[in-house]
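Now for the letters of each chain:
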Amino acid sequence: MANIVLTRAFDNDWIGPALVSVFAIAVISFFQPSFLTPFNIFVLLSAIAVNMLVALGQLVIVGVGQMNLALGSIGGLVAISFGAMMELWGFPPAAAIICGLLIGAAAGMASGFVIARTGISAFIITLAGLQIFKGINLGITEAQPFYGIPQGVKDFGNLSLIGPIPWLVVPTIIASIAVWYLFARLRIGRYILAIGGNRNAAELSGINVNATIIWAHAISGVLAAAAGMMLVARLQLGHPTIGDDWLISSFAAPVIGGAILAGGHVSVPGTFFGVVIIAIITQALVVFAIDPFVVQIVLGGLILWAVGINRLREVRVSKLLGQKA
Amino acid sequence: MTPSDITHTSDAMPVAAGRQSLVQRLAFSSEFGLVLLIALAVVIFASTLPGFTSPFSLFTIGRQIGIDTMIGLAMMAVIVTGGLDLSVGAIGVCSAMAFGWMMESAGVPLALGVPLAVLFGAGLGFLNGAIVVRSGVHSFIITLASMSIFFGVMIFLSQAQAFRTMPPEVLGFGKLRFGGLLSALLVFSLVVCAALSALYRFTSLGRQMLAAGANPRAAEISGVRTGRIFIACHMLTGALAAIAGLMITARTGAAVPSMAGHLGQDWLLPAFLAPVLGGTLLSGGRVAVFGTFLGAALVNIITSGLLLMRVGEFWVQAFLGLMLLAAVLTDRARHKLLQRRGMI
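Residue numbers (this note's numbering), protein chains in the order written: chain H, 1 to 325; chain Z, 1 to 344.
These aren't lab readings, by the way, just hints derived from the structure by calculation. Computed from a predicted structure; not experimentally measured.
The list that follows gives simulated cross-link-like pairs (lysine to any residue, SDA-like), each with its CA atoms no further than 25 Å apart:
no., chain 1, residue 1, chain 2, residue 2
1, H, Lys-319, Z, Val-133
2, H, Lys-154, H, Leu-101
3, H, Lys-319, Z, Ile-131
Computed spacing ranges between beta-carbons, pair by pair:
no., chain 1, residue 1, chain 2, residue 2, range
4, H, Ile-165, Z, Arg-225, 52 to 62 Å
5, H, Ala-106, Z, Pro-167, 49 to 59 Å
6, Z, Arg-341, H, Glu-203, 19 to 29 Å
7, Z, Gly-312, H, Asp-291, 35 to 45 Å
8, H, Arg-316, Z, Arg-134, 17 to 27 Å
9, H, Ala-95, Z, Leu-329, 27 to 37 Å
10, H, Leu-88, Z, Ala-218, 52 to 62 Å
11, Z, Phe-178, H, Glu-203, 49 to 59 Å
12, H, Asp-291, Z, Thr-53, 47 to 57 Å
13, H, Gln-236, Z, Phe-178, 50 to 60 Å
14, H, Ile-177, Z, Gly-312, 40 to 50 Å
15, Z, Gly-172, H, Ser-29, 49 to 59 Å
We treat Cβ as the ideally placed atom computed from N, Cα and C, and that holds for glycine.
Please take these sequences and the hints and turn them into a complete structure.
Here you go:
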């Protein structure tokens, strides 16, 4: 009985954020009908598509109980490599995309390898990674963007699939389902959550902790790479500053979506609505012509609010557990 | 004995261990290695790069060492608790901007403006500390949020405009040098180092900070009010970050919103690099005040040398990341070696 209550308390991660999203859309479109014009929806969905991948990249690492500060710098490095491969070496887009994903995986694996082998906190290793990847990025580009992006790639980032739905949502939907499937059905996903929940217990039950951590970082790197390349398509240039501002939002969305930062519990649908809330607020500030700098304040406030809610829920769940015992 | 040995002295050194062990301990201390590396770097650069030892070059390197030391000390003060503070950069910029506002718009006298700006930084640190302690959530996520909020409020209020009207004493202090080469900012940082090591070594508050950081439960049981002590650590971090912000203001003669990059992120690397190189334990409970200074010195000497060798600025940035990696790996290797020899 208590088990059912417990499962429910944890399963509805996404209901709260979903209600908030719907409410926010209703309020904003009431005051500003232009909010739901096809063009605005298109812009909103494009932003959600990219930010969802960024959030998923962080979600995987949060699941294993770590953090990845290098997420944005991996995305940026892949973005400029993607641009460079197509402009300088004339790679066809498909080959450049595959190479880009491989670079992301390799960069993530490198961080994961150092973290797993040395046992030093992921924070400090990924901080070093952030600096190294960003330095390589700027060293290659000398802070100049790559402009020679093929028309096909530009179209992918700016044309619509049907009506106000951009092409950009296609990779995001695939990646979201893949990550959801990973956590819900695949062994590696269960291992990630087991390590995040209790590393010692996971190790004792025979899980290869080091390999799992390396895999988690590799997956995170691939998602960051995909997000970086999608931004190249959307901005129509390989800009070296891509990824610089991912840090706050990459944590905000999973936390709003109910992920526990200590690890072991994540929610892909919750994260999706976290991304939606952030995108709506950002867009609303534009629609109402409010100072764009307010976004930073709102994002920080959202994180604190979500952390508070998650904390309350944790207390409630532990009370339920206590009653059961 | 260096100040960094405070916490571990009593339990680390077996009573029977004699002179040799002291020599060994010195040889394996992070400070000793740093001094060697600094000496090596200075000798190499001074003999190969003619401009390296010019008074002006020494002055600018020293000035930057002073600022980086202060940023490192700010982070060190909170690493003691086993936590961290991502918002140091944001606090530094906010305090510098508050100072700029007081000087330019509010007409506050300089002698009052400086302590008020430092208090302001301590106040922001108090907010961080209070939320971390009350919520029990890890300081990483709380300060991630507060970094966004502090920076956002500052940019919103200032409209991203710099305060450039400063009393001449501010820029004068930044330009002040002794003997033509020793920056006043560096001397000031050393004074703060001395004050901090006195705090950790001789005062009850400082010792409680170390005890609470090393083992909160044990400290709590022996009567330390760990919650208050942790808040005090965060306030110290805020105050030191504010001082670092003011030092940059003195260097440039203006309070600029972008002095620490977007959200103050540019301070993160120097903030962790100097204390980690210096031997501060990330798990808390152990500080290395002068080690932090030596760490900042090594980083800046190598950076300036590489820049003089015309290694691109951006590659130097990547190099600093590698250096942080090397620092934590060496620290770990040293720790293991000491453990094997039974010296910890």
